Amino acid sequence: MECTERQIAALDLVCSPRTEVLNLIRNVVTTVSREAGFGPDDTSQIEISVDEACTNVIRHAYTGYPKGADDPGQVALRVQICPMADRMAITVIDQGRRTSCEAFRGIASLEEYIAQPQAHHGLGSYIISRFMDKVEYHSSPETGTVLVMVKYRRSTEETAP
Amino acid sequence: MECTERQIAALDLVCSPRTEVLNLIRNVVTTVSREAGFGPDDTSQIEISVDEACTNVIRHAYTGYPKGADDPGQVALRVQICPMADRMAITVIDQGRRTSCEAFRGIASLEEYIAQPQAHHGLGSYIISRFMDKVEYHSSPETGTVLVMVKYRRSTEETAP
Amino acid sequence: MKPFELLEGQPAGGDRYIGLTLKGYLDAHTVTEFESHMDRSIEQGGRRYLLDVSELSYISSAGIGALMGLTQRLRREQGELVLLRPNEKVFKILEKLGFTKIFRLAWTREEGERMLGV
Amino acid sequence: MKPFELLEGQPAGGDRYIGLTLKGYLDAHTVTEFESHMDRSIEQGGRRYLLDVSELSYISSAGIGALMGLTQRLRREQGELVLLRPNEKVFKILEKLGFTKIFRLAWTREEGERMLGV
Ligand SMILES: Nc1ncnc2c1ncn2[C@@H]1O[C@H](COP(=O)(O)OP(=O)(O)O)[C@@H](O)[C@H]1O
Ligand SMILES: Nc1ncnc2c1ncn2[C@@H]1O[C@H](COP(=O)(O)OP(=O)(O)O)[C@@H](O)[C@H]1O
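Residue numbers (this note's numbering), protein chains in the order written: chain A, 20 to 180; chain B, 20 to 180; chain C, 420 to 537; chain D, 420 to 537.
Don't read these hints as lab results, they were simulated from the structure. For clarity, every value in this text was computed on a predicted model and none was experimentally measured. Some hints here could point you the wrong way.
[Stated by the list, open to error] Think about it this way: if two alpha-carbon atoms lie no more than 30 Å apart in a straight line, the pair counts; the simulated DSSO-like pairs of lysine-lysine are:
no.	chain 1	residue 1	chain 2	residue 2
1	D	K520	D	K442
2	A	K153	C	K511
3	B	K153	D	K520
4	D	K508	C	K442
5	D	K442	C	K508
Please model the entire structure based on the sequences and the hints provided.
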C-alpha cells in the first residue's frame, strides 16, 4: 500500500466492480473515518467522495463488465484507506478503460450541471473536488487508473459554503 | 489475498500491533459481517473471535514490541476478511514470535479456566474454537503465523449451547 | 433493514398528488429501481409528487441526478417534485452542493402540499 | 462517545457497597485502566461492588479475565462483585461461554443489593 507515513492502520479493499459493493465500501470508509476522529460532516463528505470515485470506476472504467463475473483478482476495483495523524488518504484504483484527466474533471460549477439538457453528468467528480482537500488523478498502462483523495482533519467541524 | 472462491469483495487490514487498533478492526469486521448477511449473534461471535486472535498477536507474537514504533509495513498485524456466498473467512497473520500449535490451543473447557489459581489464561483460543466453525493455525518462517477462521452463515440464527 | 424501499400512496394525496416514501440509500445501485418506478408513474399521468425522504439515509450523485432529471421533467409539464423532511446528513450534502436552492424542500406535509399547489 | 469510562459512586451505596458504572468497551486496550482502578479501590478496603454494565457495549476475554480475577479475589475476602444489567449482546457472549453461571448478574439495583447481602 502507498502509505509511507506514520500511521497505525491501512486498509485495502479489493472488490468486484459492481454497484452491489458500494454500500460495503461506504460502510467501511465511514467506520474508519469515525474511528480516525473525523466528525459526522467530514465523514459524510469522505463517504460520498469515495462512493463517487468507485461509481465512476464501475460505470466508466469497467463499462460492459459482465454482471455475473465475480473475480476481483482479475477485474478489480481497489480502495485503499490510510488514516493518518492529521488526515485520511483514500486511493481508488482500477485496471479498466482509461480516460483523460480532462474528462475526469466533470463540471466546473453547479450552473453547468443544471444547464445540461437531459441526462446529467459530471457531478461525481465535482463532488470529489468540492469535498476532498486534495485530489490527484493519474493513469498509465502500468499502474492502471489511480485516484488519490486526501481529507485533512479539522479541529472543529466547520465547512465553507 | 487467499480468497480464491467467488466473492464480491475482500479486505486486507495492515495494522500496527497495538491494542489501540482493536476497536477499528472490530468495527470493520462487524460492518463486513452485517453486510454479508450475518445476524447479530453470529456477527458478535465473529467480532470477539477476531479480537481474540488479534489480541494474541499483539500480546504474544509481538511482546515487547515498542509502543512508539508505528510502521505496519515492518511489524504488522494483518487481518484479511473474505465474505463469501455461504461463509466468512478471516485470516490473521503476524511475523512475530512463533508458538506451537499446542500452546495456541488454550484451555479445553471453562472448568480448566476457573481452576487456574491466579492470572487466567487460554480463554482467547477457547473463544475462537467455540465461536468459529473452522480454525486452522500454522506457522513457518516463510509465511509467519497464519490463523484462518471460518464461520458459516446459518439460515436462521440458532446457536448451540 | 432493506437497503432501499419505495412505498407509494401512504399516505395518499387523493388524486391531487402522489405521496411516496423513500427509505434506505439512493446510490448507483438502487437508483435504477427508483427511476423505473418514477418513469412508470409519470407515464400513467403523475405530475405532482410529495416524496417523503425522512428515512433516506444516504444519497450520491446518482440519486441527486435522478431527482434533478425528475424535477426538470415534471416542471416542463407543469408538475412538481417536493422532497419532504430530508434528514440532517442528506440535507447538509444537498446544501453544500447548492441543491437546496434547486429542489423544493418541505418540512411538513402541509407545507409540501402548498408547494405542490394542491 | 468515549471508548471507555469508569464512573464511581453514582449512585453510591453509602458505605455498604461501592456502585460503579462501566461504559464503552472492555478489551485488551481498556482493561488495564479498569484493573488498576479496581486494584486501588480494593486496596482502600472495597469488598462489595455493584458494577452497572448496562452501557458496556463489548467485552473480550481480556475483560472477562479481569472480572474473573476480581470475582475470585473478592470472594476470598468475603466480598462480592455483582454485574448489573448486561445488555443483550454482552449477556449472550457470557452465557454461551458459561460465565453467567460464574458471575453474579442482577437485573435491578435491589436484586443486586440483595446479592451483595446489604
Ligand atoms: N475511473 C474512471 N475511468 C474512466 N473514466 C472515468 C473514470 N472516472 C471518471 N471518468 C470519466 O469522467 C467523467 C466524469 O465523471 P463524473 O463526474 O462522475 O460524472 P458522470 O459519471 O455522471 O459522467 C465520466 O463521464 C467519465 O468519462
Ligand atoms: N499469534 C500468536 N503468536 C504467538 N503465540 C500465540 C499466538 N496466539 C496465541 N499464542 C499462545 O497461545 C496461548 C493461548 O492464548 P489465549 O487462549 O489467547 O490465552 P492468553 O492470551 O490469555 O494466554 C498464549 O498464551 C500464547 O502462548
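> Among the hints numbered above, which are violated by the structure, and what are their numbers in rising order?
Replying inline: Violated: none.
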